[in-house]
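2 protein chains.
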Amino acid sequence: MSVLPGEVLAALERVKTHLQNVGSDIRPQSLREAVRYYIERPGKLLRPLLLLTFSYTLDRRSVLDLRIIQAAAIVELLHVVSLLQDDVMDKHDERRGAKTPRALYGDGRSIVASDWLIAESIKRALQLGPDIVKYLADVAQRLSIGQALDLDGRYDEAAEFKTAPLIEASLVLPAMLLGRREILDSAKKLGQLLGVLYQYADDYSDEKIERREATELVDEVKRALSRLRETMGEAIAPFENLIRLLLERAASGDLTVARSLIT
Amino acid sequence: MSVLPGEVLAALERVKTHLQNVGSDIRPQSLREAVRYYIERPGKLLRPLLLLTFSYTLDRRSVLDLRIIQAAAIVELLHVVSLLQDDVMDKHDERRGAKTPRALYGDGRSIVASDWLIAESIKRALQLGPDIVKYLADVAQRLSIGQALDLDGRYDEAAEFKTAPLIEASLVLPAMLLGRREILDSAKKLGQLLGVLYQYADDYSDEKIERREATELVDEVKRALSRLRETMGEAIAPFENLIRLLLERAASGDLTVARSLIT
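Protein sequences, first through last, are from chains A and B.
If you use my numbering, the first sequence corresponds to residues 4 to 266, in order.
If you use my numbering, the second sequence corresponds to residues 4 to 266, in order.
One thing to keep in mind: the hints can contain errors.
[To be verified] Cross-link-like lysine-lysine pairs, in silico, DSBU-like; alpha carbons within 35 Å at most:
#, chain 1, residue 1, chain 2, residue 2
1, B, Lys137, A, Lys225
2, B, Lys19, A, Lys47
3, A, Lys102, B, Lys19
4, B, Lys47, A, Lys126
5, B, Lys191, A, Lys94
6, A, Lys94, B, Lys225
7, B, Lys126, A, Lys192
8, B, Lys47, B, Lys191
9, B, Lys192, A, Lys137
10, B, Lys191, A, Lys47
11, A, Lys192, A, Lys19
12, A, Lys137, B, Lys137
13, A, Lys47, B, Lys192
14, A, Lys137, B, Lys225
15, B, Lys19, A, Lys126
16, B, Lys191, A, Lys192
17, A, Lys225, B, Lys94
18, A, Lys47, B, Lys137
19, A, Lys191, B, Lys191
20, A, Lys19, B, Lys126
21, A, Lys192, B, Lys225
22, B, Lys126, A, Lys94
23, B, Lys102, A, Lys102
24, A, Lys137, B, Lys102
25, B, Lys137, A, Lys126
26, B, Lys102, A, Lys19
27, A, Lys126, B, Lys94
These are computed hints drawn from the structure, not numbers from a lab.
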């Protein structure tokens, strides 16, 4: 049995269906294949999953709202952008046990595909309102700062900017879309901490980060979660369950958890 | 004496001042340098120049409007994005007689800098309205299709998509911002033709395109310009002057004309 409510899992299926149509009518074929590569081979869908679960805790019926489904699709599309670009920057020829788009189609097509997807994400975000577009542009600029810090070898500083903004967005977008201004700051803080933790767990396996730092961060996440419970009450339980499971895996340096949650 | 009105040249100076501030407070320095490289070493500023001159023909006072200045800055920023990415895709180590950002800072920083600039362009475009953002997202997707066609070696088809959309935007944006719906279609058509001509002139020097094709296109541009004069009357004269000068250079396969116009 899954730790997640059935409504969230059903919403995730709708997000997947939504994503299946992205770029399916692009000509030329070379661009279409590069754009659709990671869409057709989805990963853990952690960001959509966080977004839907958090949205569900804010309003049980919100996961039936097309705007929430669209937001979940957008965070995944922006994640795909970062994968395409990462492959080029780090010269990855393999990811998820298969050849990368850059290995198959060349660096140029991966860059062009990421451009197309950024523009597509903007178009979709515009349907959610200009404030959402502005927020996502901020997210994108922080991500680019994170990548630059990473290229400079400043891994400690990079963690806050590299993965965190898009995980933060997975909590902030539902709060914005559902008009819950009173929890915006705490959602943002928790999202950032989760993002840094996720980056740490990744870096931990690369031995860039010490276990002690990750443990301290886990405590911080728990405190942020408690503060959010003070505002939201028992409604937050499904999200807490998801995060607690993520924290357990984080403690063992393994955050590749989401796939097991959704099957 | 310049072929362009003094008000247009004054507006171009304001655009330059505007651009000088872009990204000046970015940390880390590595990202700032990559972002600002082509901003500090501006090229011909053809797109801002077309935009300002066309805007001036629509409404003489519009070149004093901050929104028009911002639009001119945005088309230049998007052009800078395309330069940064082109360098990476085509492995250019030199451009405009100097080392490229990719040669100086590496492919990764050029990609990350282009991401930062795309997000910055979106933020600036949001101040002009969501319809402007949507249009520019369309432009970006057509540009990515053009780049993909170019990578596929389909140069004839690429011409319409590769350079043309951003030159088209230089005519469409003022028409949109000044609420001149009645000329939107003809502005778009003329912009596309000019863009393809510009791409042809570029390809002509690479011997990808025959002179005959460029000559036919010049005739098409002249016809589109005549049609626009039917709607706009004598007001279009300054823009006509600029285009006629561009056409003369095009006939000799040389479109690197803008710098001589603005000095």
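Each hint, compared with the structure:
no.: 1; hint: Lys137/B to Lys225/A; in the structure: violated (40 Å)
no.: 2; hint: Lys19/B to Lys47/A; in the structure: violated (45 Å)
no.: 3; hint: Lys102/A to Lys19/B; in the structure: violated (44 Å)
no.: 4; hint: Lys47/B to Lys126/A; in the structure: holds (30 Å)
no.: 5; hint: Lys191/B to Lys94/A; in the structure: violated (40 Å)
no.: 6; hint: Lys94/A to Lys225/B; in the structure: violated (48 Å)
no.: 7; hint: Lys126/B to Lys192/A; in the structure: holds (23 Å)
no.: 8; hint: Lys47/B to Lys191/B; in the structure: holds (22 Å)
no.: 9; hint: Lys192/B to Lys137/A; in the structure: holds (31 Å)
no.: 10; hint: Lys191/B to Lys47/A; in the structure: violated (43 Å)
no.: 11; hint: Lys192/A to Lys19/A; in the structure: holds (28 Å)
no.: 12; hint: Lys137/A to Lys137/B; in the structure: holds (13 Å)
no.: 13; hint: Lys47/A to Lys192/B; in the structure: violated (45 Å)
no.: 14; hint: Lys137/A to Lys225/B; in the structure: violated (40 Å)
no.: 15; hint: Lys19/B to Lys126/A; in the structure: holds (29 Å)
no.: 16; hint: Lys191/B to Lys192/A; in the structure: violated (45 Å)
no.: 17; hint: Lys225/A to Lys94/B; in the structure: violated (48 Å)
no.: 18; hint: Lys47/A to Lys137/B; in the structure: holds (30 Å)
no.: 19; hint: Lys191/A to Lys191/B; in the structure: violated (42 Å)
no.: 20; hint: Lys19/A to Lys126/B; in the structure: holds (29 Å)
no.: 21; hint: Lys192/A to Lys225/B; in the structure: violated (58 Å)
no.: 22; hint: Lys126/B to Lys94/A; in the structure: holds (30 Å)
no.: 23; hint: Lys102/B to Lys102/A; in the structure: holds (33 Å)
no.: 24; hint: Lys137/A to Lys102/B; in the structure: holds (34 Å)
no.: 25; hint: Lys137/B to Lys126/A; in the structure: holds (6 Å)
no.: 26; hint: Lys102/B to Lys19/A; in the structure: violated (44 Å)
no.: 27; hint: Lys126/A to Lys94/B; in the structure: holds (30 Å)
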